[in-house]
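Enquirer: Protein chains in written order, with the working numbering: chain W, 1 to 612; chain B, 1 to 302.
Keep in mind that the hints were calculated from the coordinates and are not lab data.
The model shown is predicted, which means the values in this text are computed figures rather than measured ones.
Ideal Cβ placement from N, Cα and C applies to all residues, glycine included.
Hints should not be assumed to be uniformly reliable.
[As the list claims (entries may be wrong)] A short, non-exhaustive set of chain B residues, derived as facing chain W with CB atoms under 8 Å: (1) K72; (2) A99; (3) I146; (4) R149; (5) K161; (6) L171; (7) L174; (8) A224; (9) D225; (10) S228; (11) M280; (12) V281.
[Said to hold, decoys possible] Chain W stretches covered by chain B per the calculated footprint, using a threshold of three residues with CB under 8 Å from any CB of chain B: (13) 144-155; (14) 528-540; (15) 554-567.
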Amino acid sequence: MNILRSQPATKNVRLQLKEVLRVAACCAMAVQLGFAPVTLAGPASSSTKTQPVKTAPDAVLNVMQAELSRATTSLAKSQPAPYYVSYTVNDQSIVVLVGAYGSLLTNAALQRRQADVTMRVGSPALDNTHGQSRASGMTSGNLPLGDDSDAIGRVLWELTDREYKRAAPAFLNVKTNTAVRAEEEDKSPDFSKEAPQTRVGQSVTIPNFDRAAWEGEIRRLSGAFRKYPGVYFGTVALQVQNSNSRLVSSEGTAIQSPSATTRLVMEAQTRADDGMELLRVETFQAPSASGLPSEAELSAKIDKMADDLKALRNAPVAEPYDGPALLSGRAAAVFFHEVLGHRLEGHRQRDEDEGQTFTKKIDQEVLPKFLSVADDPTVHEVAGVKLAGSYDFDNEGSPAQRVDVIQNGILKSFLMSRMPVKGFSQSNGHGRNQPGLMATGRQGNLIVSSTQTVPESQLRQRLIDEAKKQGKPYGLYFDDIQGGFTLTTRQLPQAFQVLPVIVYRVYADGRPDELVRGVDIVGTPLAALTRIVTTGDQQHVFNGVCGAESGNVPVAAVAPAMLFSEMEVQKRGHSHERPPILPPPGFEGTLTTAQGDTAIPATQQPKAEVKP
Amino acid sequence: MRSTRRTSAFLLVTLLVGATALLQTAIARASAGGDDAAKTGAADTMAAAHAAANGDPLLEALLTELDRSKAKLKMDQVARPYYIEYRVNDVDEFQAEAAFGALRENQRMHYRVLHVVVRIGDYKQDSYYNQGTGETNVLPLDDDPIALRHLIWLATDEAYKAAGQAYTEKLAALEQFSAEAQPVDDFAKEPVVTDVQPVVTLKVDDTAWKKTLEDVSGLYRQYADVQSVSASLRFAAANEYLVNSEGTVTRIGKNTYSVQLNSAAQAEDGMRLSRNPFWMVAKAEELPTRSSVMPKKCSTRL
Chain W
1 MNILRSQPAT KNVRLQLKEV LRVAACCAMA VQLGFAPVTL AGPASSSTKT
51 QPVKTAPDAV LNVMQAELSR ATTSLAKSQP APYYVSYTVN DQSIVVLVGA
101 YGSLLTNAAL QRRQADVTMR VGSPALDNTH GQSRASGMTS GNLPLGDDSD
151 AIGRVLWELT DREYKRAAPA FLNVKTNTAV RAEEEDKSPD FSKEAPQTRV
201 GQSVTIPNFD RAAWEGEIRR LSGAFRKYPG VYFGTVALQV QNSNSRLVSS
251 EGTAIQSPSA TTRLVMEAQT RADDGMELLR VETFQAPSAS GLPSEAELSA
301 KIDKMADDLK ALRNAPVAEP YDGPALLSGR AAAVFFHEVL GHRLEGHRQR
351 DEDEGQTFTK KIDQEVLPKF LSVADDPTVH EVAGVKLAGS YDFDNEGSPA
401 QRVDVIQNGI LKSFLMSRMP VKGFSQSNGH GRNQPGLMAT GRQGNLIVSS
451 TQTVPESQLR QRLIDEAKKQ GKPYGLYFDD IQGGFTLTTR QLPQAFQVLP
501 VIVYRVYADG RPDELVRGVD IVGTPLAALT RIVTTGDQQH VFNGVCGAES
551 GNVPVAAVAP AMLFSEMEVQ KRGHSHERPP ILPPPGFEGT LTTAQGDTAI
601 PATQQPKAEV KP
Chain B
1 MRSTRRTSAF LLVTLLVGAT ALLQTAIARA SAGGDDAAKT GAADTMAAAH
51 AAANGDPLLE ALLTELDRSK AKLKMDQVAR PYYIEYRVND VDEFQAEAAF
101 GALRENQRMH YRVLHVVVRI GDYKQDSYYN QGTGETNVLP LDDDPIALRH
151 LIWLATDEAY KAAGQAYTEK LAALEQFSAE AQPVDDFAKE PVVTDVQPVV
201 TLKVDDTAWK KTLEDVSGLY RQYADVQSVS ASLRFAAANE YLVNSEGTVT
251 RIGKNTYSVQ LNSAAQAEDG MRLSRNPFWM VAKAEELPTR SSVMPKKCST
301 RL
């Protein structure tokens with residue numbers, strides 16, 4: 001199962017997660033902070049700049065190469081011997097500021113240097129990472145922070161020793177299991193042969209970060225929620241992260257990959273009278289904090305979030321429905337990430353527990369002919385928006401490549417790591433992982449393009465026309481989504497669920513559009529993908545963090561708005577807890593309960609517009 | 001909503017597990033008589049509680065929400081709470097670790113965690129059961145009254161609702177047994193305690209200590225047999241606040257300073273051998289000196 005989200009997990013989503021985690025790997029794409037499984041802390045210095053990440057001349061890279069050489073030479077005499085060893089060392093400098101109601105909840109900084117030692121024992125045809133033994137290929141630990149070569153070398157040596165003692169017995173188990181189990185359908189090798197890559201000496205420009213100024217801005221922005229008694233919980237979170245990742249391998253690869261990312265997430269929550277949790281999230285991403293929107297723009301977004309929540313709380317609950325639907329560009333992007341993208345990840349084509357929806361559909365039509373899909377990590381920006389899933393080399397050291405997975409509706413390829421599958425023996429630069437986990441084929445920037453478009457301004461009318469054609473009283477317009485998930489294992493239905501937050505009924509008889517709440521889009525991939533009628537003429541971007549077997553990785557999904565002839569929605573499960581009993585602090589004298597507003601006349605409800 | 005708040009700070013919460021200090025109490029007894037006297041006594045007690053807070057913004061925020069909840073927290077079909085308790089752990093800590101002569105971890109952290117217990121029923125039989133055992137929430141680090149009270153308010157609301165459910169479930173569960181009436185009460189009524197001690201702070205020469213950790217873990221160079229060596233410390237100033245609806249107000253501060261050395265080797269027969277000297281003291285001046293931390297002949301002993 002794979003999940004795509006645009007906010008920290010709500011109770012509702014968590015419940016859904018609990019129900020499915022037991023059966024399948026889980027993927028979460030979430031534009032959120034705190035996604036890294038680390039304890040965020042650090043020197044409480046008043047320094048206004050993040051700590052610089054060391055660059056060339058890189059003492060760390062030198063000691064990595066020296067220790068790798070020593071390890072491969074000495075372990076070559078062992079029996080069984082490793083045929084591949086790599087070290088990945090990732091320096092991270094992270095600052096996290098979280099504000100709520102005008103005060104900081106978290107004000108932390110962290111510096112860490114994490115090492116992953118990857119080892120393959122046996123041969124590329126069959127090694128210790130085969131099948132369920134994949135985790136035996138890696139041991140991780142923290143390295144000393146400075147440039148002390150002896151100390152770094154000693155810890156690498158410890159980790160290498162531990163990894164060999166893990167990988168060698170795992171290989172013997174793999175050999176035994178392979179001998180006693182039925183023959184596998186896909187007999188591809190466990191590891192592809194790739195040309196070594198070298199890119200070192202990359203300069204790192206550490207963006208200036210005025211921590212004290214941002215502490216003030218986060219306090220002020222989060223304080224804006226104090227105006228809204230109906231917003232029970234509102235936070236503003238900023239994460240500034242500078243990284244420098246280094247990879248060296250026994251094949252001769254040596255790659256340095258510096259990066260800098262800043263994310264700002266604003267989240268507001270309330271609860272309807274029936275207990276339904278309602279959530280609005282706004283996320284922003286830029287290479288540095290200076291690239292984020294101005295404080296005035298962010299304040300305006302907070303006001304809009306509060307207005308949306310007020311409207312949602314008073315909106316009727318939608319009923320299960322099957323009929324024409326229009327997805328905004330961002331909603332369509334998430335839809336494709338879940339419904340299609342995860343099913344094109346290479347490793348799913350050889351795992352016999354996977355549904356393998358598309359495994360044998362190469363050169364067959366899987367989408368309407370007017371649609372093409374590529375995953376292109378080499379693109380950095382679309383429609384003026386920086387893409388989160390861009391990189392130069394994947395985590396296995398393969399150069400990033402544009403992969404045209406679907407051309408004019410015809411399936412052409414998969415997203416490949418160095419785990420070959422039948423018919424695809426090489427990586428195409430999509431082997432990705434979070435530190436500490438083995439790489440698998442993953443999405444980077446999934447880009448959906450269309451040759452059958454209409455201007456976005458006409459899409460709403462097309463939805464009405466489609467509803468009339470089908471004799472339906474209304475169509476649904478999905479303006480914004482919070483994420484989604486999909487099941488890819490064959491033990492469960494090949495179903496997906498997309499979680500919208502702003503949904504309108506667009507009536508065929510000309511009544512005003514009506515905001516509704518409490519529905520999820522559901523369906524199965526092969527049926528849903530063929531019901532796309534037409535698309536808008538502009539690309540829209542959804543940036544997020546996607547989690548699956550190989551952990552959380554930043555991704556982007558790009559798509560135009562899409563009109564579907566048919567889409568099914570089901571009621572969303574939710575808590576039945578009442579809204580808070582007492583008014584929030586500061587409103588004791590003005591409100592008798594925490595609800596804080598009255599029903600909004602239809603004329604004041606947000607208007608449906610086809611937009612990203 | 002509850003889950004999300006915890007998401008943003010759940011790591012901080014987990015760090016508090018086991019960090020709760022025991023209260024040292026100075027006891028002041030409260031008198032009680034008939035209803036009027038009880039009301040007057042309660043009012044006097046809470047007035048005394050506010051006086052004891054003496055302008056501490058966190059204590060004031062806790063007492064303000066405590067007063068409000070005592071007076072007004074009531075849902076249809078659910079009894080008023082007979083007892084509300086707020087406990088806050090305000091921790092400022094410094095942790096560092098060095099391995100093989102180089103610093104591997106170096107962090108300073110400040111966090112505040114609130115635990116709210118709301119009890120429905122009475123001392124003899126109440127809602128302290130399953131989800132009725134309280135709610136935990138992270139509190140703001142700044143002393144802004146509204147921000148503090150907002151998060152206290154939310155946690156109290158959730159704790160009250162959870163207590164209501166727990167009480168019903170507990171009564172239903174008890175119906176299934178034919179045991180005699182329970183011989184002891186669910187909750188002990190104790191005298192009111194007022195003990196507001198000075199706030200403790202963390203003052204430590206982190207530069208010197210980091211160098212000591214590096215130096216001591218760097219001694220591996222002299223001992224080829226030592227396979228791994230590290231040195232770590234955790235210095236903390238923890239102020240624990242407790243207020244309850246009976247009128248208790250305490251603020252107890254404690255410092256803890258711990259230093260640990262870890263080294264390991266392996267005998268020729270494969271047996272793993274380790275030495276892990278450890279110091280833990282309450283005052284910085286009681287910490288071992290640099291010379292006493294530096295091990296002597298540790299390799300030989302291993």
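Enquirer: Which earlier hints can't be squared with this structure?
Expert: Hints 6, 7, 8, 9, 11, 12, 14, 15 are the ones this structure does not satisfy, whereas the remaining hints hold.
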